[in-house]
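Protein chains in written order, with this note's numbering: chain Z, 1 to 302; chain G, 1 to 269.
Derived by calculation from the structure, the hints in this document are not laboratory data. It is possible that some hints are incorrect.
[What the hints assert, rightly or not] In the EDC-like style, the derived pairs of lysine to aspartate or glutamate whose C-alpha atoms are separated by at most 20 Å in a straight line are:
| no. | chain 1 | residue 1 | chain 2 | residue 2 |
| --- | --- | --- | --- | --- |
| 1 | G | K232 | Z | E63 |
| 2 | G | K232 | Z | E152 |
| 3 | Z | K136 | Z | E59 |
| 4 | Z | K206 | Z | D220 |
| 5 | G | K29 | G | D58 |
| 6 | G | K232 | Z | D111 |
| 7 | G | K150 | G | D129 |
| 8 | G | K250 | Z | E147 |
| 9 | G | K65 | G | D124 |
| 10 | G | K98 | G | D49 |
| 11 | Z | K292 | Z | D9 |
| 12 | G | K9 | G | E86 |
| 13 | G | K150 | G | D124 |
| 14 | Z | K131 | Z | D67 |
| 15 | G | K232 | Z | E233 |
| 16 | Z | K292 | Z | E233 |
| 17 | G | K250 | Z | D9 |
| 18 | Z | K187 | Z | D67 |
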Amino acid sequence: MLINGIQIDDSFAEAFNMRGTRVIITAQTLTWAYHAANAMTGFATSVIGCGVEAGIEGELSAEQTPDGRPGLSVLLFAMGSKVLMQQLETRMGQCVLTCPTAAAFAGIASDEPINLGKNLRFFGDGYQTSKLIGGKRYWRIPVMDGEFLCEESTGMVRAIGGGNFLILATSQSAALAAAEVAVAAMKNLPNIIMPFPGGVVRSGSKVGSRYQSLFASTNDAFCPTLKGVTQTELSADIESVMEIVIDGLSFDDIALAMQTGIAAICALGTGSGVKRISAGNYGGKLGPHHFKLHAIMGGNRP
Amino acid sequence: MSALTFSLKIPLQFAVNCAVLSPAYLAGKSLAQIAALSIEHGRTRMRLDQVFVISGHDTQDLHIKNSSSQLDYLGANMGSGSLLVEGDAGMYLGFGMKGGEVHCLGNTKSFAACNMQNGLLIIDGNTVDFLAGASAGLRKGMAGGTVVLKGNAGDRVADQMRRGLVLIEGNVGDYCGSRMIAGTVGVLGNVGLYAGFSMRRGTLLFSREPQLHATMQACGSHTLPFLTLLLKSFAPYSTRFANSNAQRVKRWLGDAANNGMGEILLISD
């Protein structure tokens, strides 16, 4: 498939089941909400090393938040509910509780609640106060700047992680510029995050390694500097590959994000230096969710 | 279907227990069966149709007309539906209510919303003592739901209250929030003496500064984020509280004599 001169490989992104949750973080100003959210979603690029994949989903105006202050919506994804609970609690405690004026609220409804302030309240050392407002329980924890307000729990839902596409370009700068355009187009979409730095990952991985202690290693088939020594997927003119990884709350959310990102790149045309769009998979044997590029870009989502 | 209406047709010398006038109890009964239900009046038992003129059909929508303060336990243990009291009500209005809505257009006697668990109770007039409190022998008062009082209340409002919301637009007497365990009470009018006496937890939200006893300890003025949520949650109720957008309050904690962590918040802007 060719779109505006850019080749779309007949390939698919292979994605996995995850558990996800959403937290609304508010603060006196959007700047301080960002401080809290950036800290909370820091070191959360991949479950391989971070335990959780997290990112800022979007900004919320004062009218959209429970307490009428500016805020941010944060999504977190993990491979299991236990890890998600642990990571959420740790990150809430170290990154949001500590951030001046920040407050945290549930961002998603579910039959499976996950602790938000339920255990953080013990930081109050007995001075914490519970309030049941509109059927929801909130904890008011006395802190040095006043009170930290936190809803007792948020919802945990089934989600999908690992949607992706690869940008194959004639130079590193061309690949990065195209990736930036794609991320800019995708970042306003709801229900998804791109957990890697700036939304882009340059170290895509394959399963396994020649070193027994590692279960993931560099995706040598897409490394341009190894073209001569590995079973490469790259043609001679490809000098750089960047990947955009997407976690989302549903298949359709991720498919729409991939379609939006790829379309934004294709709109740049061949003059951008982008030659091909491909996707990362493991032969279809590991992840149950397959995002087929041709189907997505042809408008026929699988 | 028209509301099932009970119009009081005789003057009552004694208080009458009206707990049977409940949607759940009356559901599925014919008018004849309802008319034959008996209630105690003094030492005698009377058929409902000896006390009320009964009309209408909808057992989920009850109206009491020409109501009197001798009608006790109106809306008691109600779980759903609505009850409109056109006039005064006696003691224990909404006692142990578990759901639905009771609206009293007049005044009530003591123990309104006593041991209430859920639902909405609106009183347009005044009430007397122990609003949202506990009935004799019980250690916990109101355990949930919402009470909106447009008039004044007497002493011991929310005594031993466990959970829920009480909004009072008028004045309250002494010992407001006494022995309170949790929940929220808001008062727009004047507050009597000893507010928060022996309080353990919960919130008393006042708009006028009360004369507090020594063991309620001043903690200064603060901007509390939860107030926005709390005040916003009043919006569904037809009350002047919903007009407030205050965030800044003076705070007292206590009752220290009881090692309590209850709070009195005085809206300061």
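To see whether the hints hold, each was checked on the structure:
1. Between G/K232 and Z/E63, the direct Cα distance comes to roughly 12 Å. Compliance with the 20 Å bound is thereby established for this hinted pair.
2. Between G/K232 and Z/E152, the direct Cα distance comes to roughly 18 Å. Compliance with the 20 Å bound is thereby established for this hinted pair.
3. Between the alpha carbons of Z/K136 and Z/E59 the distance comes to roughly 23 Å, so the proposed pair goes past 20 Å and is violated.
4. As the CA atoms of Z/K206 and Z/D220 are separated by approximately 8 Å, the hinted pair is consistent with the 20 Å bound.
5. Of the pairs offered as hints, the one joining G/K29 and G/D58 holds, with about 10 Å between alpha carbons and a cut-off of 20 Å not exceeded.
6. Of the supplied pair hints, the one linking G/K232 and Z/D111 is violated, its CA atoms being roughly 25 Å apart against a limit of 20 Å.
7. Between the alpha carbons of G/K150 and G/D129 the distance comes to roughly 15 Å, so the proposed pair stays at or under 20 Å and holds.
8. Only pairs whose Cα atoms come within 20 Å are accepted, and G/K250 paired with Z/E147 is accepted, the gap being roughly 14 Å.
9. The hinted pair formed by G/K65 and G/D124 meets the criterion: a straight-line CA distance of about 15 Å does not exceed 20 Å.
10. Restraint check: the Cα-Cα separation between G/K98 and G/D49 comes to about 27 Å, which exceeds 20 Å; the hinted pair is violated.
11. A C-alpha spacing of about 9 Å is found between Z/K292 and Z/D9, which places the hinted pair at or below 20 Å, so the restraint holds.
12. For the hint pairing G/K9 with G/E86, the CA-to-CA distance comes to about 14 Å; that is within 20 Å, so the pair holds.
13. About 5 Å separates the Cα atoms of G/K150 and G/D124, which keeps this hinted pair within 20 Å; it holds.
14. Simply put, Z/K131 and Z/D67 have alpha-carbon atoms about 14 Å apart, close enough for the 20 Å limit, and the pair holds.
15. Proposed proximity of G/K232 and Z/E233 is contradicted: the alpha carbons are some 58 Å apart, above 20 Å.
16. About 18 Å separates the Cα atoms of Z/K292 and Z/E233, which keeps this hinted pair within 20 Å; it holds.
17. For a cut-off of 20 Å, the pair hint linking G/K250 to Z/D9 is broken: about 66 Å separates their Cα positions.
18. Using a Cα cut-off of 20 Å, the hinted pair Z/K187 and Z/D67 is violated, with the two alpha carbons roughly 25 Å apart.
Violated hints, listed in ascending order, are 3, 6, 10, 15, 17 and 18; each of the other numbered hints is respected by the structure.
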